[in-house]
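**Q** Chain residues, written in single-letter form:
Protein chains: 2
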Amino acid sequence: MGHLFKVAGSTLALAANLAIVSTSHAVEPISPITAPTNIHSEKAELGKKLFFDPRLSRSGFISCNSCHNLSMGGADNLPTSIGDHWQQGPINSPTVLNASLNVAQFWDGRAADLKEQAAGPIANPGEMASNHTLAVSTIASIPGYRQAFNEVFGTESVTIDTITDAIAEFEKTLKTPNAPFDLWLKGNEQALSQQAVEGYGLFKASGCTACHNGEAVGGSSFQKFGILAPYATDNPAEGRIAVTGNQADRFSFKVPTLRNVELTYPYFHDGGAATLSEAVDIMGKLQLGRHFSEQENAAIVAFLKSLTGDQPSFGLPALPPSGPDTPRPKPFSQGADTGMAH
Amino acid sequence: MGHLFKVAGSTLALAANLAIVSTSHAVEPISPITAPTNIHSEKAELGKKLFFDPRLSRSGFISCNSCHNLSMGGADNLPTSIGDHWQQGPINSPTVLNASLNVAQFWDGRAADLKEQAAGPIANPGEMASNHTLAVSTIASIPGYRQAFNEVFGTESVTIDTITDAIAEFEKTLKTPNAPFDLWLKGNEQALSQQAVEGYGLFKASGCTACHNGEAVGGSSFQKFGILAPYATDNPAEGRIAVTGNQADRFSFKVPTLRNVELTYPYFHDGGAATLSEAVDIMGKLQLGRHFSEQENAAIVAFLKSLTGDQPSFGLPALPPSGPDTPRPKPFSQGADTGMAH
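Protein chains in written order, with the working numbering: chain A, 1 to 342; chain B, 1001 to 1342.
Treat the hints with care, as some may be off.
Residues of chain A placed beyond 12 Å of chain B at every Cβ, according to the derived structure [stated by the list, open to error]:
id, residue
1, Ala35
2, Asn131
3, Thr155
4, Gly207
5, Ala248
6, His291
7, Gln295
Incomplete in silico selection of chain A near chain B, CB under 7 Å [said to hold, decoys possible]:
id, residue
8, Phe52
9, Gly60
10, Phe61
11, Leu78
12, Asn246
13, Glu262
14, Leu263
15, Pro317
16, Ala318
17, Leu319
18, Pro321
19, Pro324
20, Pro331
21, Ser333
Please keep in mind that the hints were generated in silico from the structure rather than gathered at the bench. Glycine is no exception: its CB is placed at the ideal position from the N, C-alpha and C atoms.
Extracted from the complex, chain A is given alone in its bound form:
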């Protein structure tokens, strides 16, 4: 009976501990990254190749991965990106990691989803500088792709719709689970340093979680950047107003995810903040009217660094070679031409 009581006592104590953990983290404004679901693996595999394929650009040099580099947190770590003929991009490249969780795509949300987004840069003269006709004819001319499209879509007839569908399917796989913060949320109290726990406390108490919440710690709303004072920048982007035409949306941008934010420097739509410390300082002042002390800033940065999850882990894809009729890349010519092989 004594023995049985001890066992029952341990069980009760364990249950009580679990209840505490469960209670404390069940009300958190941030939730752990869940595994991607309903992935069509062959489609995602095809999309991975397309994501890495520079033949979607007119030059044959720029792929999706050029500016959303999966070795570098899904971004390019430049203030703004480099486009065709080294054109300076207008805005900071957002990470593609966990982008499936965004309410919409691009900083101004002009694309509803990943599939719509993927069609943009291909045809943007300042980015990949191709067009959908050329991109489709290029991909359709590559025997290995024709076969893969046939296997995935049941037809060798390639369209911009199936190209972007496959790319989006791959991008849906790019979730980053198992960040120390998520392990902590799930009850592993050892996963976070005391400093990071304090930083998270400050992050909540200061109101950061009003916008940076949910599974992606952001990405779910548009918010004005520069609430208490305007953000100082030379960048002409005005955000969501470009989509809605509504004056109230001037300088309203999609709240970026803070997942893997340690890797996605520099920060803000203009890449104006080089370090997390600088970004936290600016956000405190402009959005919350709060000056974080050096110690508070460091604690919040420690918390933010705990949001780095498992990076995409897969074999580098081998791209199918061009066929005899594949339009040849035009890296150094200017102006319109067909890009057709002789």
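With chain A fixed as given, assemble chain B onto it according to the hints.
**A** Chain B only, in chain A's frame:
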């Protein structure tokens, strides 16, 4: 006794078959790709990250993999490469696959080995446009790299010597075994089509193997391009004479490997031939004084396509993030500056 005789007979027949296979393929001028040996795996792993790291370039945009793309046969499939600020490169990017087998590196052989080669593009103003001082200070400023260098070289002190040593170690792993032709060489008669076998016969009988021989099917000598007639090109490169100063070396280039040649289009030092068929035609005329019929050309092309081996298979590396003192990339500024972070 009859039974024993039968067994012995079978054994003899088998031995005779093996002897035939062995005899026929033992004298071949091409030998199978062997596995890389004596690889320091931690050093190669570090070198892989450096190979994919655009922070070795001044812009933060161009990595070794930009022009030696391991998804694309270790080349960029452009006539000549794109460098810093979209400068047009002077020469076709040679494949890095099996490059450890080359007698020397670059088309003119100006680098003795992979390690010496790797130092070139980093500091070439038309390529990665950095310099060794900046590249070293950048890599040394990244905490994750300092730790890796310490583990591999026993010191956190990064030098251009250790950077290029690690890159070269990774490049040594980039061999491509198990090409259908190698399986055939090893006795699997089913590995090649009849057309490819005929093409190989023509390849030998026409004299191609005088230069394209050995494990890499090339890469072991310098030869004049345009023996029977000059090669028509606008490209000003004059080959080996740039290294030796010897008039006899004018238009002498390193014989390129034909391993994976199906993937490394366009061909020649100027990228002037878009297809294998075109390249075979030109080589026949200029080097051998021979016009291959359409059927002969197709047979040789079928043989050449049988030289595609297993492509590099490894996980995309995750690069360590920059530290607070890491020099920031300068993608859009011109002229000399330190690239230092504020």
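**Q** Closer than 7 Å between Cβ atoms is the bar; does A/Pro317 clear it against chain B? Give me holds or violated.
**A** OK, holds: A/Pro317 within 7 Å of chain B, min 6 Å.
**Q** Hey, is A/Thr155 genuinely clear of chain B, shortest beta carbon separation above 12 Å?
**A** 25 Å, holds
**Q** Given A/Pro324 was flagged as interface, is its beta-carbon under 7 Å from a beta-carbon of chain B?
**A** 6 Å, holds
**Q** Holds or violated: A/Leu319 as interface residue toward chain B, Cβ cutoff 7 Å?
**A** 5 Å, holds
**Q** Beyond 12 Å from every Cβ of chain B: is that where the Cβ of A/Gln295 lies?
**A** 17 Å, holds
**Q** Per the CB criterion, is A/Leu78 less than 7 Å away from chain B?
**A** At about 6 Å, which falls below the 7 Å cut-off, the nearest Cβ of chain B leaves the hint on A/Leu78 intact, so it holds.
**Q** Any CB of chain B closer than 7 Å to the CB of A/Phe52?
**A** Holds - the Cβ of A/Phe52 comes within 7 Å of chain B, reaching about 5 Å at its closest.
**Q** Given a cut of 7 Å on the nearest C-beta pair, is the interface hint for A/Pro331 held or broken against chain B?
**A** 5 Å, holds
**Q** How about A/Ser333: closest beta carbon in chain B under 7 Å, or not?
**A** 11 Å, violated
**Q** Hey, is A/Ala35 genuinely clear of chain B, shortest beta carbon separation above 12 Å?
**A** The claim holds: A/Ala35 sits with its nearest Cβ about 19 Å from chain B, beyond 12 Å.
**Q** Should the interface hint for A/Phe61 be scored as holding, given a Cβ-Cβ cut-off of 7 Å against chain B?
**A** 5 Å, holds
**Q** For the hint on A/Glu262, just tell me whether its beta-carbon gets within less than 7 Å of chain B.
**A** Holds - the Cβ of A/Glu262 comes within 7 Å of chain B, reaching about 6 Å at its closest.
Against the hints set out earlier in the document, violations occur for numbers 12 and 21.
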